[in-house]
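When you get a sec, could you build the whole thing from the sequences and use the hints?
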Amino acid sequence: MLRGGMIGLLAGALLCGCQQNSGWNGSMEELLHSQPQRFATVTRDADKYRLQIIYTQIDRDAENRPRFTSYSYRVNPDQYFYPASTVKLPAALLALEKINALAIPGLTRDTAMLTGVASEGQTAAVGDPSSPTGLPSIGHYIRKILLVSDNDAFNRLYEFIGQEALNEALHEKGYLNTRIFHRLEVTRDAEKNARTNPVTFVNGDAVLYEQDEQTSDVNYAHDEPILLGRAEIVDGELLNRPKDFAGNNVFALQDLHDMLQALMFPQFVEERRRFDLTEDDYQFVYRNMSAYPGESGIAEYADSAKHPDGYVKFLMFGGSGATIPDNIRIFNKPGDAYGFLTDCAYIVDFDNGVEFLLAATIFTNANETFNDDNYEYDEIALPFLRDLGMAVYEVELARHREHKPDLSRFRPTTVP
Numbered sequence: 017m018l019r020g021g022m023i024g025l026l027a028g029a030l031l032c033g034c035q036q037n038s039g040w041n042g043s044m045e046e047l048l049h050s051q052p053q054r055f056a057t058v059t060r061d062a063d064k065y066r067l068q069i070i071y072t073q074i075d076r077d078a079e080n081r082p083r084f085t086s087y088s089y090r091v092n093p094d095q096y097f098y099p100a101s102t103v104k105l106p107a108a109l110l111a112l113e114k115i116n117a118l119a120i121p122g123l124t125r126d127t128a129m130l131t132g133v134a135s136e137g138q139t140a141a142v143g144d145p146s147s148p149t150g151l152p153s154i155g156h157y158i159r160k161i162l163l164v165s166d167n168d169a170f171n172r173l174y175e176f177i178g179q180e181a182l183n184e185a186l187h188e189k190g191y192l193n194t195r196i197f198h199r200l201e202v203t204r205d206a207e208k209n210a211r212t213n214p215v216t217f218v219n220g221d222a223v224l225y226e227q228d229e230q231t232s233d234v235n236y237a238h239d240e241p242i243l244l245g246r247a248e249i250v251d252g253e254l255l256n257r258p259k260d261f262a263g264n265n266v267f268a269l270q271d272l273h274d275m276l277q278a279l280m281f282p283q284f285v286e287e288r289r290r291f292d293l294t295e296d297d298y299q300f301v302y303r304n305m306s307a308y309p310g311e312s313g314i315a316e317y318a319d320s321a322k323h324p325d326g327y328v329k330f331l332m333f334g335g336s337g338a339t340i341p342d343n344i345r346i347f348n349k350p351g352d353a354y355g356f357l358t359d360c361a362y363i364v365d366f367d368n369g370v371e372f373l374l375a376a377t378i379f380t381n382a383n384e385t386f387n388d389d390n391y392e393y394d395e396i397a398l399p400f401l402r403d404l405g406m407a408v409y410e411v412e413l414a415r416h417r418e419h420k421p422d423l424s425r426f427r428p429t430t431v432p
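To convert, count from 1 in the sequence shown and add 16; that's this note's numbering.
If you are wondering where the hints come from, they were derived from the structure by calculation, not from laboratory data. A few of these clues could be false.
When the alpha-carbon atoms are kept at most 25 Å apart in a straight line, the in silico DMTMM-like pairs for lysine to aspartate or glutamate are as follows [unchecked claim]:
1. K64 x D394
2. K64 x D388
3. K322 x E392
4. K420 x D365
5. K114 x D297
6. K64 x D260
7. K208 x E248
8. K322 x D144
9. K64 x E184
10. K420 x D75
11. K114 x E184
12. K64 x E46
13. K114 x E46
14. K208 x E240
15. K322 x D388
16. K114 x E240
And the structure:
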C-alpha cells in the first residue's frame with residue numbers, strides 16, 4: 017500500500033520506466049545522457065562534480081541464489097572524495113565483530129559500555145538519555161548511526177575498536193582503498209586520533225570487560241598532498257589556499273559498494289570480505305539500516321518535520337521524503353561534508369520483486385571554499401541522487417527477470 021504524496025511519484029516511475037528505459041543498453045553513460053532534464057547539469061561537467069556511480073543488477077536463479085552484474089560510470093579510486101559519514105558503516109560492522117570475537121559470557125551488543133578518558137582531548141561517555149536504559153551500548157550507538165547518522169556514536173565505536181585494529185581488519189578483508197583514522201565533527205590532531213579512549217563494559221556493578229587506552233603506531237595519512245579547492249576557513253579565518261585532504265579519511269566508492277554487498281549477501285561474496293556476524297546481528301543491522309527515524313521508538317527522532325522518512329535516504333528520496341511507500345525499503349549509509357555527497361544503497365520493492373545496489377558520489381562546491389557551509393546540496397547534489405535512484409528504479413521496473421526474488425529476508429520487523 018502506497019502512502020501519502022509518494023503515490024504520484026511512484027506511479028510516474030512505473031509509467032516512465034516502461035516507456036523510457038525498456039531498451040536501455042547497459043551503459044550508465046547512456047542512461048544519464050538519455051535524460052537531460054534530470055542529469056544534464058551534472059553530466060555536462062562530470063569531472064567538476066567528481067561524479068562516480070556503481071549500479072549492480074541482481075538476478076536470482078530458481079533456488080533464489082543471486083547473480084550480480086555491475087555497471088559503472090567514472091569510478092576511480094584515485095579521484096579523492098571525502099567519505100564523511102559513510103565510514104560509520106564499517107565501524108558498526110567491526111564493532112559487532114569485535115564483540116563476537118571477545119566471546120565473554122554476558123557481554124553483548126546491548127551491554128552498557130562506559131567510555132573513559134586517559135589522554136588530553138578525550139571525552140567521556142557514561143550516559144545516553146536516548147537509550148532505553150539511559151546507558152550507552154554498542155547496539156544503541158549503531159542504531160543512532162543507522163537511523164540518523166549520529167557523529168558521536170561513530171566516535172565511540174572508533175574508540176572501542178581502535179584506529180589500527182579498525183584499518184588492519186578492513187585491509188585484511190580486501191578493502192584496500194579504505195583508511196579511517198580520525199573522529200568526526202570534533203577536531204583532533206593525528207596524535208590524538210591515534211589514541212583511543214579506555215572503555216569498560218558493565219552489567220550493574222559487575223565489570224565484564226575492561227580495555228585500556230589504545231595507541232596506533234601506523235600513519236594512515238596519504239603520502240602526498242591531496243589539494244582541492246581554492247580556499248578554506250580555519251578558526252574563522254579565510255585562507256586563500258587549497259585544502260589538503262591527505263590527513264582525512266578515505267573510503268573508495270568500490271570498497272563502499274562491495275562492503276554493502278557483503279553485508280546484504282554474505283553467502284555470495286568472497287569469504288574474506290565478510291564480517292563475522294551472527295544471524296541475529298545481521299537482522300539487527302537490516303532492521304535499523306532500513307528503518308525510518310519515526311519507527312525507532314527514540315523520542316528525539318519522532319518529529320517527522322525534523323526527521324522525515326527520507327532523512328538519510330539520498331538515493332530516490334533526496335534526503336527529504338516525508339513518507340516512503342510501504343513496499344520500498346532502502347538499506348543504505350550516506351555521508352555529506354565539504355560539498356561531497358555520497359550514498360550507497362541496497363533498494364528493494366517487495367510488491368514488484370525489484371532489488372538492486374546503487375552507489376554514487378558527487379561534489380558541489382561552486383566557490384571552491386571549504387568550511388563556509390556554502391555547498392549546493394539542495395540545488396544540485398540531492399536532486400541528482402534522488403533522480404539517479406529513480407532512473408535506476410525505473411530501469412528495474414521495466415527489466416525482465418526469469419525468477420521473481422524471494423525478499424523475505426529483508427522485510428522489516430519491529431525495531432527494538
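So, going through the hints one by one against the coordinates:
Using a Cα cut-off of 25 Å, the hinted pair K64 and D394 holds, with the two alpha carbons roughly 17 Å apart. Straight-line distance between C-alpha atoms of K64 and D388 comes to about 19 Å, which keeps the hinted pair within the 25 Å bound. With a C-alpha separation of about 20 Å, the suggested pairing of K322 with E392 holds against the 25 Å cut-off. Taken as a hint, the K420 and D365 pair is honoured in the structure, with Cα atoms around 11 Å apart against an allowance of 25 Å.
In summary, the hint linking K114 to D297 is supported, as the alpha carbons are separated by about 12 Å, within the 25 Å threshold. Straight-line distance between C-alpha atoms of K64 and D260 comes to about 18 Å, which keeps the hinted pair within the 25 Å bound. Taking the CA atoms of K208 and E248, the gap is near 23 Å; set against the 25 Å cutoff, the hint holds. Distance restraint check for K322 and D144: the Cα-Cα separation of roughly 20 Å lies within the 25 Å cut-off, and the hinted pair is therefore satisfied.
A distance of roughly 33 Å separates the Cα atoms of K64 and E184; the hinted pair therefore is violated under the 25 Å criterion. Of the pairs offered as hints, the one joining K420 and D75 holds, with about 9 Å between alpha carbons and a cut-off of 25 Å not exceeded. The hinted pair formed by K114 and E184 meets the criterion: a straight-line CA distance of about 13 Å does not exceed 25 Å. Distance check on the hinted pair: K64 and E46 sit about 19 Å apart at the alpha-carbon level, within 25 Å; holds.
In summary, the hint linking K114 to E46 is not supported, as the alpha carbons are separated by about 44 Å, beyond the 25 Å threshold. Only pairs whose Cα atoms come within 25 Å are accepted, and K208 paired with E240 is accepted, the gap being roughly 21 Å. Restraint check for K322 and D388: the C-alpha separation of about 23 Å stays at or below 25 Å, so the hint holds. At roughly 32 Å between alpha-carbon atoms, K114 and E240 are farther apart than 25 Å, so this suggested pair is violated.
Going through the hint list in order, the structure does not satisfy hints 9, 13, 16.
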